[in-house]
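So the sequence lines, in the order shown, correspond to chains R and S.
Read in order, the letters of the first sequence correspond to residues 0 to 697 in numbering that gives the first Met the number 0.
Read in order, the letters of the second sequence correspond to residues 0 to 109 in numbering that gives the first Met the number 0.
Keep in mind the hints are simulated off the structure, nothing from the lab.
Note that CB positions come from ideal geometry on N, CA and C, so glycine has one too.
One thing to keep in mind: the hints can contain errors.
Where chain R lies over chain S, by a calculated footprint (3+ residues, C-beta under 8 Å) [as the list claims (entries may be wrong)]:
1) 15–22
2) 41–47
Residues of chain R placed beyond 12 Å of chain S at every Cβ, according to the derived structure [stated by the list, open to error]:
3) GLY116
4) HIS286
5) VAL516
6) PRO594
7) GLY683
So, partial list: chain R residues that the calculated Cβ filter (under 10 Å) puts toward chain S [what the hints assert, rightly or not]:
8) HIS525
9) ALA623
10) ILE672
11) ALA677
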Amino acid sequence: MTKNLNLWVIPLLPLIGAAINGLLGRRFKNAMVSAVALLFTAASFGWAAWAVWSVWPGSGVALPHIEVLTTWITAGTFSAPFGFQLDQLSMIMVLVVTGVGFLIHIYSVGYMAHEGGYYRFFAFLNLFMFFMLTLVLANNYLLMFVGWEGVGLASYLLIGFFFLKDSAADAGKKAFIVNRIGDFAFLIGMFLLIQHFGTLTFAGDTGVFAQVAKLPQDTGWGWITITALCLMFGATGKSAQVPLYVWLPDAMEGPTPVSALIHAATMVTAGIYMIARSHAIFNLAPHALQIVAIIGCITAIFAATMGLAQTDIKRVLAYSTVSQLGYMFLACGVAAYSAGIFHLMTHAFFKALLFLGAGSVIHAVGGEQDMRRMGGLRKLIPVTFWVVTIATIAIAGIPPFAGFFSKDEILGAVFHSPYGGPVIWGIGVLTAGLTSFYMFRLWFMTFFGELKLGSVDLGEEAHTAHAPAQAAHGAASHSHGHADDKSHGHGGVHESPWVMLGPLVILAVLSFVGGWVGVPQFMGGHNEVEHFLAPVMQSAPAVAGEAVSDKDATTSHAGEATPENTREEWLLAGTSIAAALIGLLFAYLFYYKSPELPDRITSKMHGIYMMVLHKYYVDEGYGAIFVKPLLALSTVVLWRGVDQGVIDRLVNGAGTASQGVGNELRQMQSGNIRSYAAWVALGGAAIVAYMIWLGVTR
Amino acid sequence: MVPLSWYLILSGILFSLGVLGFLLKRNIITIFMSIELMLNAVNLSFVAFANYWNTHPVADKSIVPLSGQVFVFFVMVVAAAEAAVGLAIIISVFRTRETLNVDRVNLLKL
Numbered sequence: 000m001t002k003n004l005n006l007w008v009i010p011l012l013p014l015i016g017a018a019i020n021g022l023l024g025r026r027f028k029n030a031m032v033s034a035v036a037l038l039f040t041a042a043s044f045g046w047a048a049w050a051v052w053s054v055w056p057g058s059g060v061a062l063p064h065i066e067v068l069t070t071w072i073t074a075g076t077f078s079a080p081f082g083f084q085l086d087q088l089s090m091i092m093v094l095v096v097t098g099v100g101f102l103i104h105i106y107s108v109g110y111m112a113h114e115g116g117y118y119r120f121f122a123f124l125n126l127f128m129f130f131m132l133t134l135v136l137a138n139n140y141l142l143m144f145v146g147w148e149g150v151g152l153a154s155y156l157l158i159g160f161f162f163l164k165d166s167a168a169d170a171g172k173k174a175f176i177v178n179r180i181g182d183f184a185f186l187i188g189m190f191l192l193i194q195h196f197g198t199l200t201f202a203g204d205t206g207v208f209a210q211v212a213k214l215p216q217d218t219g220w221g222w223i224t225i226t227a228l229c230l231m232f233g234a235t236g237k238s239a240q241v242p243l244y245v246w247l248p249d250a251m252e253g254p255t256p257v258s259a260l261i262h263a264a265t266m267v268t269a270g271i272y273m274i275a276r277s278h279a280i281f282n283l284a285p286h287a288l289q290i291v292a293i294i295g296c297i298t299a300i301f302a303a304t305m306g307l308a309q310t311d312i313k314r315v316l317a318y319s320t321v322s323q324l325g326y327m328f329l330a331c332g333v334a335a336y337s338a339g340i341f342h343l344m345t346h347a348f349f350k351a352l353l354f355l356g357a358g359s360v361i362h363a364v365g366g367e368q369d370m371r372r373m374g375g376l377r378k379l380i381p382v383t384f385w386v387v388t389i390a391t392i393a394i395a396g397i398p399p400f401a402g403f404f405s406k407d408e409i410l411g412a413v414f415h416s417p418y419g420g421p422v423i424w425g426i427g428v429l430t431a432g433l434t435s436f437y438m439f440r441l442w443f444m445t446f447f448g449e450l451k452l453g454s455v456d457l458g459e460e461a462h463t464a465h466a467p468a469q470a471a472h473g474a475a476s477h478s479h480g481h482a483d484d485k486s487h488g489h490g491g492v493h494e495s496p497w498v499m500l501g502p503l504v505i506l507a508v509l510s511f512v513g514g515w516v517g518v519p520q521f522m523g524g525h526n527e528v529e530h531f532l533a534p535v536m537q538s539a540p541a542v543a544g545e546a547v548s549d550k551d552a553t554t555s556h557a558g559e560a561t562p563e564n565t566r567e568e569w570l571l572a573g574t575s576i577a578a579a580l581i582g583l584l585f586a587y588l589f590y591y592k593s594p595e596l597p598d599r600i601t602s603k604m605h606g607i608y609m610m611v612l613h614k615y616y617v618d619e620g621y622g623a624i625f626v627k628p629l630l631a632l633s634t635v636v637l638w639r640g641v642d643q644g645v646i647d648r649l650v651n652g653a654g655t656a657s658q659g660v661g662n663e664l665r666q667m668q669s670g671n672i673r674s675y676a677a678w679v680a681l682g683g684a685a686i687v688a689y690m691i692w693l694g695v696t697r
Numbered sequence: 000m001v002p003l004s005w006y007l008i009l010s011g012i013l014f015s016l017g018v019l020g021f022l023l024k025r026n027i028i029t030i031f032m033s034i035e036l037m038l039n040a041v042n043l044s045f046v047a048f049a050n051y052w053n054t055h056p057v058a059d060k061s062i063v064p065l066s067g068q069v070f071v072f073f074v075m076v077v078a079a080a081e082a083a084v085g086l087a088i089i090i091s092v093f094r095t096r097e098t099l100n101v102d103r104v105n106l107l108k109l
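Bound conformation, chain R alone:
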């Protein structure tokens, strides 16, 4: 049974909102702008929910449900349709994107109320929704790429929203350029697919995945592995993995709702989604899977350690996002795609909540972002405190909150997979401990102790605490003044309005219960997420080694009901809980019980501390290795050499040459009629001579 769900309406609605607000919003009142933005986002969410409901397994609609509107591009035998696809994977994505996106839209109404460019903000936000929905609903790589580039554009626009501030504009450019590097690899990967399959469509008998399924496994470094690696490199850009993660921490220059929506909940998960979508390709390329797993693992631990020393509340969350994305990558690398998507979903809830909560905190303290100036906010902003607490527990991986189940699922899969193993699992658990530590560090520093607004002299280290984003961009933002203003005009620390707290509460509930859809079997659950996604991920990971080949790789970590397995699973889960609790304990000791301890430790290990504080000098390293040589090359060779030396000289030479020729030819036009006549006579004579010559030679 097929049904026409008009899937194209889902992305189109936010686009209409963006068009209305972008073109006419300047004349609208703020209330009108938010009404338009919210209406179209809500409609999109509603339509998506209805569509998902209509095709829900058991409704009799065949999945994947594909609706091709028209042929988009035809070139020779290659043709790309303009079509949308709804299957279990895109169902989750589309609901997360529209649902969380809608909540963040509501939140933004309160958060951005006093900012300039209100209509512009919502237009961009809606535009982002349009592209993100195109990305997740596309039924072929090319259309997906449109969304992929589009979210990059929206991200650029929103990071640089406070464009009068240099650091924000630079961060936007950095994000865009770093993403372009990944996109280039993605393009190469698509070209390889076109070359070998002649199509980019996902499903169907002639689709990429059906054709891939017929191929033998590529155990060497054949073109499948190369294709997979290209796709993976594209994903590292979008999903902020090593080596292209550098843009994400800087992206915190954008307004906080943007960080929540784009750089935590949705856009950065596009890479994970893409890999999960391409799982058929990755499953054939064990080397590529191994590399994905290693990159995810490195990113997770690397970003977690960088998060330890950050003092800007949003930067801590940024590094935590990179680290959690590393987990998802790791899950994909061990072919546990559904675990990755599960973590993607729970992460979307609690990380959006954390960012919005942080935004609420920043709002409360009048634009301050440095945690060293915060403290004791627990009593002052109780609702924010409680929702952030829930999110912190969720991300730390303490049951029964959402983060625990998804993280445990990933770690369990890592432990059993031939691409993972105990070492990578150990790093994963260590990362979980670190995550717990820095998240509770944030929690203690922000909500406990005493409020130190403006009273702490941060000395020369103040440069790491980025000046409040809103301060520099004009007088329009009174409520977000710099801490030095002490925000007296705003009545001191205050709880955010309910338009901001409402979404927080909903997200808090989701962060709490969101994990329960994936309770593993050994705990008495049914792991619905995995079963739900199973039809999409049905091509079982072809395992190269023998280690797991006797077990069914897809179900081994979900735990068959044997007592041995169950005990092992409990042990693994227990370890990660223990790691989380240890992290909590250390954070308690360092930042609550004896706050002078961290200083003593950092002064002892000054070298390491400085290295972590400066993010391992990665930005500086990239600057020295890539940016400076590129600039030098561009200046000397491309600018002075090619541009000025060759192109300019050619252009100027053409000008000079025609001037010279014209100068000579000018002599013919003497104005003397008889000389003109002489020329005419000469021409006639020449023609006659030519004709005589023709007659003679014939």
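Let chain R serve as the given structure and place chain S on it in line with the hints.
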């Protein structure tokens, strides 16, 4: 019978004289006469060809023997019209500038 080539050679000589006169003379009247000379040189070759094809009929239908004669009348009409207009111009030039030297009639030159 005079061969065709003689007429053509005479026509060529007359035409060349016309060209040379046009180029070398400075008096507008003389130049005008040179133009007439060229036109009539051409007329001569027209009638010569017409006569030739009339006396040497060929199967080629595209050659109509008397068309040359007809063309000569066209040329004469044009030449007469031109003479009328040209002489009017010359008279008016002479009235304003009191010279017939073309080198001095150069107001349009930059």
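*Starting from the hint list further up, note which numbers the structure goes against and sort them upward.*
Checked against the structure, the hints that fail are numbers 2, 7, 8 and 9, while the rest are satisfied.
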